[in-house]
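Chains as they are written, first to last, in our numbering: chain U, 1 to 128; chain F, 1001 to 1135; chain E, 2001 to 2306.
Be aware that a few hints might be false.
[What the hints assert, rightly or not] EDC-like mimics (lysine to aspartate or glutamate), calculated; alpha carbons at most 16 Å apart, straight line:
no.: 1; chain 1: E; residue 1: K2276; chain 2: U; residue 2: E105
no.: 2; chain 1: U; residue 1: K22; chain 2: F; residue 2: E1014
no.: 3; chain 1: E; residue 1: K2099; chain 2: E; residue 2: D2129
no.: 4; chain 1: E; residue 1: K2071; chain 2: E; residue 2: E2130
no.: 5; chain 1: E; residue 1: K2221; chain 2: U; residue 2: E90
no.: 6; chain 1: E; residue 1: K2276; chain 2: U; residue 2: E101
no.: 7; chain 1: F; residue 1: K1129; chain 2: F; residue 2: E1006
[To be verified] Non-contacting residues of chain U with respect to chain F, defined by C-beta distances greater than 12 Å in every case (computed):
no.: 8; residue: L24
no.: 9; residue: D26
no.: 10; residue: A28
no.: 11; residue: K33
no.: 12; residue: I63
no.: 13; residue: Q102
no.: 14; residue: K113
no.: 15; residue: M114
Hints are computed from structural coordinates only; laboratory data are not their basis.
Think of the CB as a built atom: it goes at the ideal place given N, C-alpha and C, for glycine as much as any other residue.
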Amino acid sequence: MKLGNLLLITIQSEIYDSLGIKLLNDIAETLEKHNSKGILLDISSVPIIDSFMGRIINNIASISRLMDAHTVVVGMQPAVAITLVELGLEMPNILTAINVEQGIELLNKKITKMNRIDEADQGEKDTD
Amino acid sequence: MKLIKEKKIRIKNENDFLNARGIVKELAEEIGLSILSQTKITTASSEILRNMLIHGNGGIIIIRIIGKETKKGLEVICEDKGKGIPDKELAFQKGFSTNKSLGLGLPGAKNLVDEFQLDSELNKGTVVKLMVWKR
Amino acid sequence: MKNDTVELIAEKEEEILNHWVEAQLNGNLHREDLADKADLLRESNLFLEEFTKVLSPGNFDVTSEEFIPIKKMIVEITQKRTLLGYTAKETALFIFSLKNTLMFFLKSIYDKKPTLLLTELRTLNELIDELGTITFDTFIADREEIIRRQRKELLEASTPIIKLWDGILGVPIIGTVDSQRSQQIMDKLLNAINDTGFSIAIIDISGVSTLDTLTAQHILKTSAAARLMGATCIISGISPSIAQTIISLDIDLGVTKTKGTMSEAIQMALQIINNKKEHKLGLKHGQDSDIEAGKSIVNHHSKRNL
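Extracted from the complex, chain U is given alone in its bound form:
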């Protein structure tokens, strides 16, 4: 079993539109370059997330999924979380963790699981 590589991205300021789109492109490129299997998106110092920014986060998760990697959103502030729920943006498909440590744990678990499934697939093919 091989442990995948992780990518930690810390967003330190407010994200605005063009920066959000740039971030999306950067992440996709970096994922490919390092063959990372997991992304930690640390947003603990982001004070505002509106629906556009929510969409960017959703897209990061979707793109990473397509590139065989998991995204965990880490450290969302309570006020931001309530605001997103009130906005109707519950992001059910996004993995979340309270802090970076728990985020790494969650990612490792996901990657292990994924590898096991891959191995199982491999096993079945071998017996064929």
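Please arrange chains F and E on chain U, whose structure you already have, making use of the hints.
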């Protein structure tokens, strides 16, 4: 009702947008709103401002601190001279969008504030008023 | 009111005071256990002084400016008496009892003119009634203030966030939950998650008598917000009647986990935590180098400040 403070900003590009959002947050803090309420009004303003940039080719935002009896409130008015909203009912439906966005902007913003008012005239423009009170 | 009346009361102020105090002492209006005679005399004197000051032939409008000092004094007397333990009735009677004394003195000058006596008495009666009811208003306002303060304290005290275990927060909700309180619980819990880094919260509602749609929605919103922050909410103690409410109100519980009792919820929470730990241990065996490798890349990229 009396006007305590007023700021007016012209919104033409993303920088103005960020600046305006910052001022909303600043004034929300000034009247002593909780962090949650600050976040809510700033997020709601953000949704409306973005609509204004995309659909209204920019416009004007007026941010006011208002006193009523013993309480204080923050009013955010966004005005544009854009194409207006053709079907207001449709615009408030969750998930409706004209540009592949999530379609949560208008209904979401309405959820986040105490008072919400939208006036729109086709091909003339749109005015959105948001209001929160300090409890 | 006739000038004669005003003059009479001003002239005979001292006699009136003595008569009034005497009447209060005889009529059992004085609470010996709470105050002594000197206090009563002082209060009565103060009131009568102010009362003679505001008396004038024309003005009986208690909302007018002239009446502000006497009203203020009545409020002060009431508050002082309430603190001492006087009932609202006793304080009101203190002021109302002045009527009898005044009637006694008015009789002496209007003896031959019964109609005039009647009108004068009526005016005085109305005036004293108005002033007497201020004691009630003050009493009630003070009580309301106490209730409001206690309610606030209760609200704060009644939603404790307990650290149940390492990694598990407990929120027992007891009593009636209105939307203001559920909002407060929501805030408090999410902040506690943020402060402690605990990833599981058990919201126990077995002590909640009734659950309305709004409250249920608040709890579910809390749960959704907690998930966005990376924590799991387990709701325990859903009674049969509340379960029926949830069904009949057509509330979607969504991804929220529910358990019948608090103990089952704790069990579940421990399982979740153990799963995490086992995994951690499992990884540690023979894979340390891989973790190191993983971490180094993490560090490398953490330098990216976007």
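Each hint tested on the structure:
Between E/K2276 and U/E105 the CA atoms are separated by roughly 8 Å; this keeps the pair inside 16 Å, and the hint holds. Distance hint between U/K22 and F/E1014 is fulfilled; the C-alpha atoms sit about 14 Å from each other, no more than 16 Å. Pair hint E/K2099 plus E/D2129 holds up; C-alpha atoms about 9 Å apart against a cutoff of 16 Å. Taken as a hint, the E/K2071 and E/E2130 pair is honoured in the structure, with Cα atoms around 10 Å apart against an allowance of 16 Å.
For the given pair, E/K2221 sits about 9 Å from U/E90 by alpha-carbon distance, which is consistent with the 16 Å threshold. A hinted pair counts as satisfied when its Cα atoms are at most 16 Å apart, and E/K2276 with U/E101 qualifies at roughly 12 Å. Annotation: proposed proximity of F/K1129 to F/E1006 holds, straight-line Cα distance about 14 Å (limit 16 Å). No Cβ of chain F comes within 12 Å of the Cβ of U/L24; the nearest lies about 15 Å off, and the non-interface call holds.
Distance check on U/D26: its Cβ is at least 18 Å (rounded) from any Cβ of chain F, clearing the 12 Å threshold; non-interface status holds. At roughly 19 Å from the closest C-beta of chain F, the C-beta of U/A28 stays outside 12 Å, upholding its exclusion from the interface. Consistency note on U/K33: stated as away from chain F, and its beta-carbon is indeed over 12 Å from all of that chain's, at 28 Å minimum. Taking the minimum C-beta to C-beta distance to chain F, about 16 Å, the non-interface status of U/I63 holds against the 12 Å cut.
With a closest Cβ-Cβ approach of about 23 Å to chain F, U/Q102 is found to remain outside the 12 Å limit, as its non-interface label requires. For U/K113, the requirement that its beta carbon stay farther than 12 Å from each beta carbon of chain F is met, with the minimum near 29 Å. The claim that U/M114 is not at the interface with chain F holds, since no C-beta of that chain comes within 12 Å of its own (minimum 28 Å).
Of the numbered hints stated above, none is contradicted by the structure.
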